[in-house]
Amino acid sequence: MTLIDLANPTRFLSLTARVLPWLAGATTMLLLVGLYQSAMAPDDYQQGATVKIMFVHVPNAWLSMFVWGVMSLAALGTLVWRHPLADVAAKAAAPIGAAFTFLALVTGSLWGRPMWGTYWEWDARLTSVLILFLMYLGLIALWRAVEDPSRAARAAAILTLVGAINLPIIKFSVDWWNTLHQPASVLRMGGPSLDRAFLIPLLVMAIGFSLLFVTLHLAAMRNEILRRRVRSLQMMQASRQAA
Amino acid sequence: MSLGPYASFVVTSYTLVAATVLLLVTWIALDYRRQKARLRDLEASGVTRRSGRQATDL
Numbered sequence: 001m002t003l004i005d006l007a008n009p010t011r012f013l014s015l016t017a018r019v020l021p022w023l024a025g026a027t028t029m030l031l032l033v034g035l036y037q038s039a040m041a042p043d044d045y046q047q048g049a050t051v052k053i054m055f056v057h058v059p060n061a062w063l064s065m066f067v068w069g070v071m072s073l074a075a076l077g078t079l080v081w082r083h084p085l086a087d088v089a090a091k092a093a094a095p096i097g098a099a100f101t102f103l104a105l106v107t108g109s110l111w112g113r114p115m116w117g118t119y120w121e122w123d124a125r126l127t128s129v130l131i132l133f134l135m136y137l138g139l140i141a142l143w144r145a146v147e148d149p150s151r152a153a154r155a156a157a158i159l160t161l162v163g164a165i166n167l168p169i170i171k172f173s174v175d176w177w178n179t180l181h182q183p184a185s186v187l188r189m190g191g192p193s194l195d196r197a198f199l200i201p202l203l204v205m206a207i208g209f210s211l212l213f214v215t216l217h218l219a220a221m222r223n224e225i226l227r228r229r230v231r232s233l234q235m236m237q238a239s240r241q242a243a
Numbered sequence: 244m245s246l247g248p249y250a251s252f253v254v255t256s257y258t259l260v261a262a263t264v265l266l267l268v269t270w271i272a273l274d275y276r277r278q279k280a281r282l283r284d285l286e287a288s289g290v291t292r293r294s295g296r297q298a299t300d301l
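Residue numbers (our numbering), protein chains in the order written: chain A, 1 to 243; chain B, 244 to 301.
Honestly, I wouldn't trust all of these hints.
Every beta carbon over 10 Å from chain B, so not counted as near; a handful from chain A, in silico [to be verified]:
1. Ala-7
2. Phe-102
3. Leu-134
4. Val-146
5. Glu-147
6. Gly-191
7. Leu-216
Have a look at the derived ranges for each label pair, beta carbon to beta carbon [to be verified]:
8. A:Arg-231 / B:Ser-245: 50 to 60 Å
9. B:Leu-259 / A:Gln-237: 39 to 49 Å
10. A:Met-235 / B:Leu-259: 17 to 27 Å
Reference listing, derived: stretches of chain B covered by chain A, where coverage requires no fewer than 3 residues with Cβ under 8 Å from a Cβ of chain A [unchecked claim]:
11. 255 to 269
12. 281 to 287
It is worth saying that the hints were derived from the structure and are not from the lab. Cβ atoms here follow ideal geometry from the backbone N, Cα and C, with glycine treated the same way.
So that you can see chain A by itself, here it is in the shape it has in the complex (with noise of 0.2 Å):
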């Protein structure tokens, strides 16, 4: 099967309900592995226990980012190649990139009250992801209140591009500016920075949570695409009855 070939909403069908269920028990596994080896994980010289926080933390914001550029390619997809699949591609991310973008703001904000005495500072980075997760509402928001999903599509994907910009202010707010946050200590110039003790589970966990990011968005683009199939049943089954 070529890429092309999964621009027809049938054969995507198909292969989704091939590899779904493969991708469900690798994800399940990754995450056991990676739960199992943050629980092993030593405690931080400087901050104890509230390190294991990270490995859920850090997943959790990078997928926030790269679900943003997965949207970001699809919008791409829509307005210059129209691909079929690649608004479809864009709304189901949407969900699933707020609510890892809602537990990277938590997950942090829980860390940051023993680490740094305060859920919350509004520094650079803090503030640019809260306006991720904000547009990441903002484009939910969009596809709902719009009933045509191709007109949804085009204005759903320039607010995605437009969107984009913040992404690399996210990435660099930390050298940019004076922050609370910590600079990387993963992906940065010169290697990582932790201990391969905290490092190896965290890169488990990373993939883990990637692996599940991949199995729900497949999942959700089949159910939006058996939506779109309602949808177009149901506007045929209309202009039956009215003829």
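Given chain A's structure and the hints, the job is docking chain B onto it.
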């Protein structure tokens, strides 16, 4: 495994993540069942796809 004086922050974080992931999975699974049920209803009312396939065929 002792989580020390900040155990409540760690436990709350993991609980919230688990609850949100469970909510996402449940929502997507229920949505799938809802769409399949709507397609079955349409099929029962005699509506067919342009391709001639049944509404519920993948």
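Now for the hints, and whether the structure bears them out:
1. Ala-7: holds (16 Å)
2. Phe-102: Given a closest Cβ separation of 7 Å, the condition is violated.
3. Leu-134: Given a closest Cβ separation of 18 Å, the condition holds.
4. Val-146: holds (19 Å)
5. Glu-147: The claim holds: Glu-147 of chain A sits with its nearest Cβ about 16 Å from chain B, beyond 10 Å.
6. Gly-191: holds (27 Å)
7. Leu-216: The claim is violated: Leu-216 of chain A sits with its nearest Cβ about 6 Å from chain B, within 10 Å.
8. A:Arg-231 / B:Ser-245: 50 to 60 Å: holds (55 Å)
9. B:Leu-259 / A:Gln-237: 39 to 49 Å: Holds, since Leu-259 of chain B and Gln-237 of chain A (Cβ atoms, about 43 Å apart) stay within the stated range.
10. A:Met-235 / B:Leu-259: 17 to 27 Å: Since the Cβ atoms of Met-235 of chain A and Leu-259 of chain B sit about 41 Å apart, the hinted range of 17 to 27 Å is violated.
11. 255 to 269: Three-residue rule met by the stretch 255 to 269 of chain B, so holds; n is 10.
12. 281 to 287: Holds, because 3 residues of the stretch 281 to 287 of chain B bring their Cβ atoms closer than 8 Å to Cβ atoms of chain A.
Comparing the model with each earlier hint shows violations of hints 2, 7, 10; every other hint is respected.
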